[in-house]
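*Asks:* One-letter residues, chain by chain:
There are 2 protein chains.
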Amino acid sequence: MNKLVESASVVTPDIIQKYRDAFGEQLTTNRAMLDRFGQDESFHATCPPDMVVTVRTTDDVVRVLQLSSEHKTPVIPYGAGTSLEGSVAALYGGVCVNMQEMNKIIDVHPEDMDVVLQPGVTRRQLNNHLKDKGLFFPVDPGADASVGGMISTRASGTTTVRYGAMRDNVMALEVVLADGRVVRTGSRARKSAAGYDLTRLITGAEGTLGIVTEATLRLYGIPEAMAAAVCTFSSLESAVDTVIETIQFGIPIARMELLDDVQLEAINRYSKTNYTVAPTLFLEFHGTDASVAEQSEAVSAIAGEHGGANFSWTTNTEERNQLWRARHDAAYASKALRPNGAIWATDVCVPISRLAECIALTRVDLDENNLLAPIVGHVGDGNFHLVLLVDHNDVAEVECAQKVHERMVNRAIDMGGTCTGEHGIGYGKLDFLRTEHGVGVDVMQDIKKALDPLGIMNPGKVFVR
Amino acid sequence: MNKLVESASVVTPDIIQKYRDAFGEQLTTNRAMLDRFGQDESFHATCPPDMVVTVRTTDDVVRVLQLSSEHKTPVIPYGAGTSLEGSVAALYGGVCVNMQEMNKIIDVHPEDMDVVLQPGVTRRQLNNHLKDKGLFFPVDPGADASVGGMISTRASGTTTVRYGAMRDNVMALEVVLADGRVVRTGSRARKSAAGYDLTRLITGAEGTLGIVTEATLRLYGIPEAMAAAVCTFSSLESAVDTVIETIQFGIPIARMELLDDVQLEAINRYSKTNYTVAPTLFLEFHGTDASVAEQSEAVSAIAGEHGGANFSWTTNTEERNQLWRARHDAAYASKALRPNGAIWATDVCVPISRLAECIALTRVDLDENNLLAPIVGHVGDGNFHLVLLVDHNDVAEVECAQKVHERMVNRAIDMGGTCTGEHGIGYGKLDFLRTEHGVGVDVMQDIKKALDPLGIMNPGKVFVR
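Residue numbers (numbering that gives the first Met the number 0), protein chains in the order written: chain A, 0 to 464; chain B, 0 to 464.
Simulated from the structure, these hints should not be mistaken for laboratory data. There's no promise every hint is true.
[What the hints assert, rightly or not] DSS-like, lysine-lysine: derived pairs with alpha carbons at most 25 Å apart:
#1 B:Lys447 x A:Lys448
#2 B:Lys130 x B:Lys71
#3 A:Lys71 x B:Lys448
#4 A:Lys448 x B:Lys71
#5 B:Lys448 x A:Lys448
[Claimed, not checked] Partial selection, computed: residues in chain B whose CB lies under 8 Å from chain A:
#6 Ala7
#7 Glu435
#8 Val442
Since the structure is predicted, the reported quantities are computational estimates derived from the model, not experimental observations. Just so you know, even glycine gets a beta-carbon here, dropped at the ideal spot from N, CA and C.
One chain only, chain A, in its complex shape:
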């Protein structure tokens, strides 16, 4: 259980009553509920809001924001609670806007390959709905996140190397701004050169500029054939070189995941598998039967040139699912390495030419500091995750982990990368945003002030309040 801190709230019982008058049974101040809605899956301290309002319509959200503007109440949107940087912690108290009941899939357009939906829809709910239509939404961050949360953190994941991130697959949004104005950004056209790209300004704003109440997402046809493959390497470099060459050859690979030896060992223990304990690539190919075979063979040849061993591929669905189940269970497998430890999942992203070096230096730093931390990466994007296993109650260990983490993030930025590839800033990476963007943070804050002059939207996230 994460440490729980009390928020710096100045919300009075009188103010809460105003919301109660407006929302009746849609509002709760039940302590267990407040705790639940102040918590995500991050390592960071949880922080309960003063109240939770479960919204059902865009109008509900408008009313919340009008009231909140009037009373200068902080507003924190909540999707599925799977964020990893404390995005939902109510640092200054206020009203948590629970989006989970805004979970309708409004319209699927098979000819246009898009879907219009409410932000409380989760990734799995969406793909279950689409299956019969031969369509799928590819962005896969692992967790069963809500679409609204994925938009707000600019999520990506295992398939981004082929299908892009949320940035690339959000076509249009309906957003309620701090003052209650409802804005529609984008359209169902595949592209537009009309005015500022508000869709992509809101995507990744972590609820600090407005609350997403509807989204239009791009869809893809479920491929005719899918194949999975595994290949082990004697070094991180050779695994990464295989990936670099695969991309250079333009092979449209769908998934390319790198797991280091520590992660493989954790998976073998947890999932009762017997993968070779060595730097390993998990791969997936999408296409026709012929093109999937051609891709697999091409990557096998490339891997061979880089000393890859035991390359095996399969189009068997059960074997493929088993592979990706093992990959998706990596976090649980890591946790099982130290049952009484907490998971601190963090990510950075670098130019792919620096990836092997960045991971290797991080591994040395971890070993020198006796920290247990498997590494997995969306290697086609240059993005990797460190899953630190830390005892919350061991102050020295937490401090040590913080320092290793800080060095890793600064290393990634120094290499021309970013402090987070897909988790967001939340309040866990505030300082690094400045290191990475410098004056750019002032520009972001100029925009924040222009759209949220009272500073009520998810305060303390992305920027220090």
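Given chain A, work out where chain B should sit, using these hints.
*Replies:* Chain B only, in chain A's frame:
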């Protein structure tokens, strides 16, 4: 020659002298130069600036903007002058910042598949430079535009269906803001969840928020094999249905261009070709030899089901180049239909399910009004271009064309589309931005005011000043 209007300039000789003191021979007030730099390739009236400063470094741009802030002088960046909505017209006079000498390709990173360059580099210059490295930059708007201009108008083009638009392929920018601050947005990491997406805010801002002084672009490997194909249809619907099905099947087609019968006739006359005069698709496939053959055969089969005739494909480079030369010369071919007419090239973009209907209704409207206007489209994106041939001196005809244009744009917006897929707003589509985005335009203007409080950045573009 376009109509020339005098700007509403309030720039005094004293102010011009300040710039002359700072920039010496880099500044000109030569009348012919002023006229040249106030003109793009649009139908809209040209409007010369008071002076042109040819910048060579980011510091030069900083000094221009510091002086311009001090004297409240309008600033208009100029790339290659190929814009189509009057983006470079100095409506309020001021200083044109000529970016053409900032044309260095700074660094190519083959392993990371990216390039760092100055914004004056043109598309062809870049691809000539990359050829020997087996790499290319795919965004192809037709004209040999500058990279800075392509960023500023959020350009796309024939290959967007496969490789995305500028939105998807700009990784990072250096931008000088109105007050002279230099901001670096993004990084060389393939993706990031760190803070607001300033890269995509600047991409498409048409120089109204700052001047791009450096860009990092994503590159792709030149495919092992390329094939081109042509296919004619008895109706627009069947051509578009072929495209819809091709995308649904996930065939990674590289180019898919729709040309209507009027356009084909113009091409046949101009390029001495003998294409069937009917709705036609020009296609291109990229991949390995095997996958290109597989794609061609798959699309041929789909086209056959929709009544497509004369499907022929080739991997012969000369034949392929001939096809795309004919496509790229479409604008000249259109112009040749009416040598004394001016070209009014405009574009809209709709969900692809509405494309055939939108084009057909537009064709009826054109015919009913006796207007000559070939139609070509990047059909995979739902984007089409109307090339109106209008006599500038015929007031009644210009008015008639304006009305047809207005109906077409409103039709596209009503169908869930956008008033421009790739040309931008400039000052030619100001009213339509409001129709399309409503309250969103207020939000855009809030951002504009926050970043350019004096309103000196390309005033009168995107928004009415």
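*Asks:* None of the hints should be skipped; say for each whether it holds.
*Replies:* Structure-based check of each hint:
For the given pair, Lys447 (chain B) sits about 12 Å from Lys448 (chain A) by alpha-carbon distance, which is consistent with the 25 Å threshold. Restraint check for Lys130 (chain B) and Lys71 (chain B): the C-alpha separation of about 44 Å exceeds 25 Å, so the hint is violated. Simply put, Lys71 (chain A) and Lys448 (chain B) have alpha-carbon atoms about 24 Å apart, close enough for the 25 Å limit, and the pair holds. Note on Lys448 (chain A) and Lys71 (chain B): the hinted pairing holds, with a Cα-Cα distance of about 24 Å set against a maximum of 25 Å.
Of the pairs offered as hints, the one joining Lys448 (chain B) and Lys448 (chain A) holds, with about 11 Å between alpha carbons and a cut-off of 25 Å not exceeded. Taking 8 Å as the C-beta contact cut-off toward chain A, the hint placing Ala7 (chain B) at the interface is violated, the least distance being around 23 Å. This hint holds: Glu435 (chain B) has a C-beta 6 Å from the nearest C-beta of chain A, less than the 8 Å allowed. This hint holds: Val442 (chain B) has a C-beta 6 Å from the nearest C-beta of chain A, less than the 8 Å allowed.
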